[in-house]
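Fit chains B, C and D to the known structure of chain A by using the hints.
Top to bottom, those sequences are chains A, B, C and D. Residue numbers for the first sequence follow this note's numbering, so the first one is 1 and each next one is one higher. Residue numbers for the second sequence follow this note's numbering, so the first one is 1 and each next one is one higher. Residue numbers for the third sequence follow this note's numbering, so the first one is 1 and each next one is one higher. Residue numbers for the fourth sequence follow this note's numbering, so the first one is 1 and each next one is one higher.
Since the hints were made in silico from the structure, they are not lab data. Each hint should be verified, as a subset may be incorrect.
Any copy, or any two copies together, can satisfy a pair, since identical chains are not distinguished.
[What the hints assert, rightly or not] Straight line, CA to CA, 30 Å or less: simulated DSBU-like cross-link-like pairs of lysine-lysine: (1) Lys193 / Lys71; (2) Lys71 / Lys172; (3) Lys217 / Lys319; (4) Lys71 / Lys192.
There are 4 protein chains.
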Amino acid sequence: MKHPPAYYADYLHLEQILNAQTPRSADFGQPAHDELLFITVHQVFEIWFKQILHELDSVRELFLGNYVDEKNIGVAVSRLERISTIQEVMIEQFRILETMTPLDFLEFRDFLSPASGFQSVQFRLIENKLGLRRDLRQNFNQIPYEKRLSDAHQSLALKSEQEPSLFELTQKWLERTPFLNFGNFDFWENYKKAVDTMLAQDRQIIEQNPTLTDEEKTRELAQLSRTIENFQALFSEEKHNELVRSGARRLSYTAFKAALLIMLYRDQPILHLPFRFLTALIDIDELFSTWRYRHSIMVQRMIGTKIGTGGSSGHAYLKNTVDAHRIFLDLFNLSTFLIPRSALPPLPEEVQRELGFFFGSHH
Amino acid sequence: MKHPPAYYADYLHLEQILNAQTPRSADFGQPAHDELLFITVHQVFEIWFKQILHELDSVRELFLGNYVDEKNIGVAVSRLERISTIQEVMIEQFRILETMTPLDFLEFRDFLSPASGFQSVQFRLIENKLGLRRDLRQNFNQIPYEKRLSDAHQSLALKSEQEPSLFELTQKWLERTPFLNFGNFDFWENYKKAVDTMLAQDRQIIEQNPTLTDEEKTRELAQLSRTIENFQALFSEEKHNELVRSGARRLSYTAFKAALLIMLYRDQPILHLPFRFLTALIDIDELFSTWRYRHSIMVQRMIGTKIGTGGSSGHAYLKNTVDAHRIFLDLFNLSTFLIPRSALPPLPEEVQRELGFFFGSHH
Amino acid sequence: MKHPPAYYADYLHLEQILNAQTPRSADFGQPAHDELLFITVHQVFEIWFKQILHELDSVRELFLGNYVDEKNIGVAVSRLERISTIQEVMIEQFRILETMTPLDFLEFRDFLSPASGFQSVQFRLIENKLGLRRDLRQNFNQIPYEKRLSDAHQSLALKSEQEPSLFELTQKWLERTPFLNFGNFDFWENYKKAVDTMLAQDRQIIEQNPTLTDEEKTRELAQLSRTIENFQALFSEEKHNELVRSGARRLSYTAFKAALLIMLYRDQPILHLPFRFLTALIDIDELFSTWRYRHSIMVQRMIGTKIGTGGSSGHAYLKNTVDAHRIFLDLFNLSTFLIPRSALPPLPEEVQRELGFFFGSHH
Amino acid sequence: MKHPPAYYADYLHLEQILNAQTPRSADFGQPAHDELLFITVHQVFEIWFKQILHELDSVRELFLGNYVDEKNIGVAVSRLERISTIQEVMIEQFRILETMTPLDFLEFRDFLSPASGFQSVQFRLIENKLGLRRDLRQNFNQIPYEKRLSDAHQSLALKSEQEPSLFELTQKWLERTPFLNFGNFDFWENYKKAVDTMLAQDRQIIEQNPTLTDEEKTRELAQLSRTIENFQALFSEEKHNELVRSGARRLSYTAFKAALLIMLYRDQPILHLPFRFLTALIDIDELFSTWRYRHSIMVQRMIGTKIGTGGSSGHAYLKNTVDAHRIFLDLFNLSTFLIPRSALPPLPEEVQRELGFFFGSHH
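If we strip away everything but chain A, and leave its shape as in the complex, we get (with noise of 0.2 Å):
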């Protein structure tokens, strides 16, 4: 044999996973029977986190430096999607710790003060990598939240928010799409007259519509106005950077145009893993949001209004950070522009030779 014999228990260190559930309860003296249940399902959301960090970090890894190999756009989307299926799991497992009722986590809260999900680190470098800015967090109480940190543990996380994050490093390959520039083709000038006439239909089809007041007209077609709106930012970088300074975008210009170019193309074979990539993100983003919502509504169920274990009220925070703390909310706002394949401009024939593949015979 190559290499020592492995044993089950020792190669999974079995030993130190299995002894290390230690309740309070029992340590002072009025074992709870759940309280085991509360600290297994942390440890294994503890553990998932650290998968979805290694995961994460070697997506990051393979999106840093200035040019992204094609052959990693498959390993990066197997990898994003492991993550969203880690995440469902982990939805899921809310499912378990609502096996136990208010009444039993009763029996052993008190010994948890001021221990909180807050204090973990692991939460917060998925956060900062996946790309939340410092700017766009929710504070619990006020308190930034590398304070409730442990101070190793703090410096990793602000270590964390200096590394280029999924977001930063997404944006930068976007930026990089040689695909904005055809020859001669000029994408958006078509793109933009198939938008006129599909906003001019919206139009109609709100003026015509018989089953609306005049009251409702009046707000749909107000509606529609901030929608063509959009759409003019979309044609001018000057409003796009405009709705960057104010919170409504956060992808720079070229970024978010080829976005939705690989949307809109992505039948293309060249633009079709590409496009994985950014469903891939779309997903996580709302899987987090998911799991979010579910975590506020399970903190609610169990505590009610009271303080939480860290001597305040979670669910209300929680419940904030569901939409505050999204990232990625930029590719579900690309769905407005899209428009249907029947529209779109037809690729010439040599750029869709160029997003093809070729076979030995064509050379």
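This is chains B, C and D only, laid out in the frame that chain A set:
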């Protein structure tokens, strides 16, 4: 054979069911592959809605009248738990719909106008029968919900508002609970003492927490004051009724107290199924809330900030209903008032006997 | 504060937990990205196994002794249902492991030899504590299961074989059920009459089924004869014991009858929680069976027909255990002997009173 | 508006859909509450079956003809992944059906006779279109499956046997893969060398494993011999064809080799989507297998060993189909022949260029 033979396809009316998918994109000469999925997913939702209504109606019927047969609590719990299981599958079902990309949706989206999920009468019936009060409804574009329904469906919906809802029937059942008065045992006085002790401890935890700044302490003590106010409302019918008027509570004072007692003494055999009944209501509330959240984020993903198929921005409306349309929030808030079993006033032995089962030999 | 403060990372022993992943591929200089996932998934399984053992042991403890306090049935049901919820999440977890492709597994598979899941002592303990009998075990490569464990684990496993299993404790509890004899009410005689009527109808259904050929009828009548034989065993302790000796049944005659009675009269309040208890055992059995099935197919997918990391073809072995290692098959088979409520002998009123709850006013 | 307005209830044919549940227990004067659930669950399954057939037919169409446009692989993968997502939800759906207890089923079971799921033509079409061969089918009670269907459905089923199945189309597509011959690069010779090295190591692992007894070694070496035989079949078309004749393989020699090559070199951009295509087939096979397993165990739970609604013991039949009706087992078995990336013969640079994407600047 006692009955004429049944055949699978006839029994399930499969011809009727499987011929009911008629994509409009095909009707208008531009067949879009994914429209069938869109139809299918919505039809399946509606079939589940019918099943949920079937269970809901049957449980409401069990709770009509002046007395709920003890036998029926078990039946009711099973049927409510069935609703939860259906809801869990319905939430997963969004994953199926999300395999359709926004670009694919766009291929047929215009053909659907102005159809919209807001026109689902069954969902409105579920909301009404659970107990969503007309004055608490979020109205989409300020139009009363029933105005979006056909005349026949309007009548159904308005009629369901007049019928006793599950919320109301639960309230009446709770108000009738015989457990609030047990001869000489003064539950409330003992409970109040236990609460006072606990709140004093909570204050101590905050005041002596070395990790809190003065500012934090002030904030948390203010929060504790609100908790104390909550408890005061629990001990004063007048204050409880003020909370009801302000919208912070909905259950009557007596019902609220009865629900709390069930939660606290659920280990008593006779209270175990009532406890499961209340827990099932909490689950249903949580799962509809989660369903709405998933729905809202799916809509955002699918259409960005553009107007919905019904001519309007559905995402924002749907997100508003996530919290506003919750029915059994009072049951979540009960957790605020739980005290540990160890602090619970013990039931006198003769009361415990009343709450247990007796076998022949006892008599 | 009554207790010294707790901090999240200390309380959960995160340093210990999160430093327990040491990929061997890295140790041997060929780091494979996916090995962390492999370790993580197995560690999480083991943490859940510990939690399952915690619940299992607590339920077994509740059922030790000569009397099971009625209060404890509700507690036992909740804990068994928690096990089911954990199992459901554990089954989903295979989806995470399957995001690792066979080719990625190959990058580190050789380093693991001869470690194998067969060396998981916790899984063996779960099997033994549920009630898997030594003589019914499938042995992998004809080696007794405990020979694959370390000495310390061997002792644990063998000791658990000696302790009363959940199967045995359930059997004893069923045997003590007081409901089999109700004064003058002869349940079995009435039940037997109802069964005879039903079987006669079943015979008629086959004989008069116009879609069956003579050959089919012969076959189905032969099958009915086997059903009748089953029923005969129900009415004869001697025949039941023959079935036990042959392995077709495992529960004692009295326990089997008691379980059947609980299933038939579960609408009686006092039998409702016992009914839920038996249902929870069925769920656990079904879910372990499904878990084993998913495990076996995952192994097949990962390594094809090649020998496993433990030096052997695990897939075939695992598939054999799917059926062979089921514990509560008798409870599934009870369905064979159910008769419709309408055919059930009605309980005399004084018996019903015994099975209900009484409030103060009755006395 | 370009199109007449659509209304939700009309568009979804809700009147048709929601009036198609007619419980027979009510028709025969003995309404059973749970029959609606039984109908609902089966109708939803059939609606999903229709959706699966829609996706399956569309993928088969993309693979008809002599050439599969590279663009279509991405489309096919998305549609097959959609089928998997539907299957996952369908498997969860059994949890809903299992909220019906066997006793509740009995309330209406007799009214259903002899209707049975064996009469589902859509499920037979799915099996045929995936590629279940007539001679490999398990027949229930030795009656050919189509004999249980109505005349119209029989024709549909038999016709589908004649059409090219997904299995056959995949095989043809694999056989056409241009990657098996790359100018001077002799893939097979290099691959064979790598395999020989690996098998020699496997032998060493067994021979030097200190934990194995002589008897075990003999057994495992015998097993290794079978593995070696497998590999020999991979290097000999004649032996492969023998395996096909014996039923151990189904794919043609060329297709099998092409599938292996795709699995081994899937990191090459051009092979990434083909790899995902094969993976999607594996997922579908695994999920139908799991669905069948869950189905069989649900039937056992519901009716024990009694004859099914179709007049027969469905449980045993269903369990037989779990393995026998698998279609893409060859793709699972490919894992047997994978070798680590590090042992893979590296592709010459000009071959790699062929397998990558080229941007304009390269030319």
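Same-copy or cross-copy closeness of Lys71 to Lys192 [CA-CA at most 30 Å]: between (33 Å within a copy, 26 Å between copies)
Copy assignment of Lys193 with Lys71, given that the CA separation must stay at most 30 Å: Only across copies: Lys193 and Lys71 sit 26 Å apart there, 35 Å inside one copy, limit 30 Å.
Identical-chain pair category, Lys71 with Lys172, by Cα at 30 Å: both (18 Å within a copy, 27 Å between copies)
Intra/inter-copy verdict for Lys217 and Lys319 if alpha-carbon distance must be at most 30 Å: Answer is between; shortest inter-copy Cα gap is 23 Å, intra-copy 34 Å.
In the structure shown, no violation is registered for any of the earlier numbered hints.
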